[in-house]
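Participant: First residue of the sequence shown? That's 1 in this note's numbering, and the numbers climb one at a time after it.
With beta-carbon atoms standing in for the labels, derived distance ranges:
no., residue 1, residue 2, range
1, T172, A442, 51 to 57 Å
2, E378, P513, 27 to 33 Å
3, E524, N460, 45 to 51 Å
4, E224, E447, 19 to 25 Å
5, Q259, R509, 42 to 48 Å
6, H390, T430, 29 to 35 Å
Keep in mind that the hints were calculated from the coordinates and are not lab data.
Built from N, CA and C at the ideal position, the CB exists for glycine as well.
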Amino acid sequence: MARLRNIKSPLTSRTPSPSFNLGSASFLASFLLSPKNSPRSHSKLVTLPPATLFLLFLTLLVSFTFLGFFILSFIPFSQDSIPCSLLSPSSSLSSSSVSTSRLLFASLSSAVSSRVEDGGSGLVNSLMVPLPIQAVTGNVSKEEEEFWRQPDGQGYKPCLDFSIEYRKASATISKEKRRFLVVVVSGGLNQQRNQIIDAVVIARILGAALVVPVLQVNLIWGDESEFADIFDVEHFRRTLKSDVRIVSSLPSTHLMSRQTIESQIPRDISPLWLRTKYSRLLNDEGLLVLKGLDSKLSKNLPSDLQKLRCKVAFHALRFTAPIEAFGNRIARRMWVEGPYIALHLRLEKDVWVRSGCLTGLGPEYDRIINQIREAQPEYLTGRLNMSHHHRRLAGLCPLNALEISRLLKAMGAPSTARIYIAGGEPFGGTQALKPLMEEFQALVTREMLVREGELLPYLNSSSALAALDYIVSLNSNVFVPSHGGNMDRLMQGHRAYLGHRKYITPNKRAMSPLFEDSSISDAELGSLLRMLHNKSSTQPRTRKRNKDVTSYPVPECMCKNIKPIF
Numbered sequence: 001m002a003r004l005r006n007i008k009s010p011l012t013s014r015t016p017s018p019s020f021n022l023g024s025a026s027f028l029a030s031f032l033l034s035p036k037n038s039p040r041s042h043s044k045l046v047t048l049p050p051a052t053l054f055l056l057f058l059t060l061l062v063s064f065t066f067l068g069f070f071i072l073s074f075i076p077f078s079q080d081s082i083p084c085s086l087l088s089p090s091s092s093l094s095s096s097s098v099s100t101s102r103l104l105f106a107s108l109s110s111a112v113s114s115r116v117e118d119g120g121s122g123l124v125n126s127l128m129v130p131l132p133i134q135a136v137t138g139n140v141s142k143e144e145e146e147f148w149r150q151p152d153g154q155g156y157k158p159c160l161d162f163s164i165e166y167r168k169a170s171a172t173i174s175k176e177k178r179r180f181l182v183v184v185v186s187g188g189l190n191q192q193r194n195q196i197i198d199a200v201v202i203a204r205i206l207g208a209a210l211v212v213p214v215l216q217v218n219l220i221w222g223d224e225s226e227f228a229d230i231f232d233v234e235h236f237r238r239t240l241k242s243d244v245r246i247v248s249s250l251p252s253t254h255l256m257s258r259q260t261i262e263s264q265i266p267r268d269i270s271p272l273w274l275r276t277k278y279s280r281l282l283n284d285e286g287l288l289v290l291k292g293l294d295s296k297l298s299k300n301l302p303s304d305l306q307k308l309r310c311k312v313a314f315h316a317l318r319f320t321a322p323i324e325a326f327g328n329r330i331a332r333r334m335w336v337e338g339p340y341i342a343l344h345l346r347l348e349k350d351v352w353v354r355s356g357c358l359t360g361l362g363p364e365y366d367r368i369i370n371q372i373r374e375a376q377p378e379y380l381t382g383r384l385n386m387s388h389h390h391r392r393l394a395g396l397c398p399l400n401a402l403e404i405s406r407l408l409k410a411m412g413a414p415s416t417a418r419i420y421i422a423g424g425e426p427f428g429g430t431q432a433l434k435p436l437m438e439e440f441q442a443l444v445t446r447e448m449l450v451r452e453g454e455l456l457p458y459l460n461s462s463s464a465l466a467a468l469d470y471i472v473s474l475n476s477n478v479f480v481p482s483h484g485g486n487m488d489r490l491m492q493g494h495r496a497y498l499g500h501r502k503y504i505t506p507n508k509r510a511m512s513p514l515f516e517d518s519s520i521s522d523a524e525l526g527s528l529l530r531m532l533h534n535k536s537s538t539q540p541r542t543r544k545r546n547k548d549v550t551s552y553p554v555p556e557c558m559c560k561n562i563k564p565i566f
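Let the sequences and hints guide you as you build the complete structure.
Facilitator: Dropping the structure here:
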């Protein structure tokens, strides 16, 4: 049973009190009551009684006020919606015009001023802004130029336009004080991130307040980090305040000596299933504790809930300020020397054990992996009846260093390219990296970039180290994973969301036969692999049902060629 721990840091939220701006009203009154602006005939001055002028002024003021309410009712400010133009450098709507519009609306009524202050710019400011993509200069080959070229985003930009029905329901859900959801998340950092995203969505579906998620102690890596050690709790709470009420801990009225943890959750659960299963429990006891959410919530949800997933993944889940600052500092040390590749190299011992594949390092290393696998067969993921060879041909094995080297070279990566290695310690150490090192000399690890003592605060936290890798990878010109996983799926969607940064997904099933065919020359292999991976990185999720919207944010979370939402 997971150890339930409460985040102790108190969280507060202050909203400035709205004030009524009389500037516009004063100007209007002076205009109406000024003799210079009174109607004139050709022969004499026509004046109106003061009482009539006052009634006219009052009527106009009331009319403008109701007009303001009418306009604002169609503006999704309360959900921090992102108009597509806000993140575009070529936007026709400048920030100054947005500010002018807000001031004008604020002068109409004090009741709407606080709503305007929570406008669309809030979500824009919550994004993790990466370093700019560097242009590749000098005498480069056509293949190298093509390798560094960024994909065409086809005009898609972030656009979280929640429906009116969603926003109306938020008024009640965001103030819930009787029903609470506690979620225990497990696994590595990015596995936990996926579960936290689903926890927020489930709280929204059930209309419950969400207690800051509990990070289960990771027995494999010995990581006891809590949510507040890795993520910015206040930012998380503030960004989602109009979607779900988030609290630091359970109120004393809901503390129980024994808490029932719901862990038998089937896969692909729908909103209807959740409401049917847990609504009565929440109404009766006011508390629901869930564990084992990993990939259990359906990938195909209503549009508003898909947008909420993106809002959590790309806006609300920011790392703590020290982690983010340190990660950006490491990224700049890579960036100042030119464009670089981030390679998520999955060569850790547990990856080989779980995948059922051979390392390619020789009989001695394979014997160690087989012994662990036989002693702990539960770690082996599906398709138990497949041999290593058939697993590899089916694309189920991670690419080893030799295969990654051949792929990068074939895709046009220059031998001088700087490559940041993200991921854990490879099984076999430098022996495992030797084929890659022979082809690309500028391999860089986290430890090579940090200065003495900088890494000490994070050495006992695998989650913090993974967060640093995530930040450096997000800033790279090109990202390549050697094996699918939670980080790679999140990175794919995050890079698309932040400006369509290049992401190469190795087609392992199609590549394996080519690698084994010795009759194919290097030039022909390069041509075939470039053709194989020459696809748009902006792939609509509508063509990939049952895929995460956080990996494929088009079209639910990104749009194009539409009028900005104001």
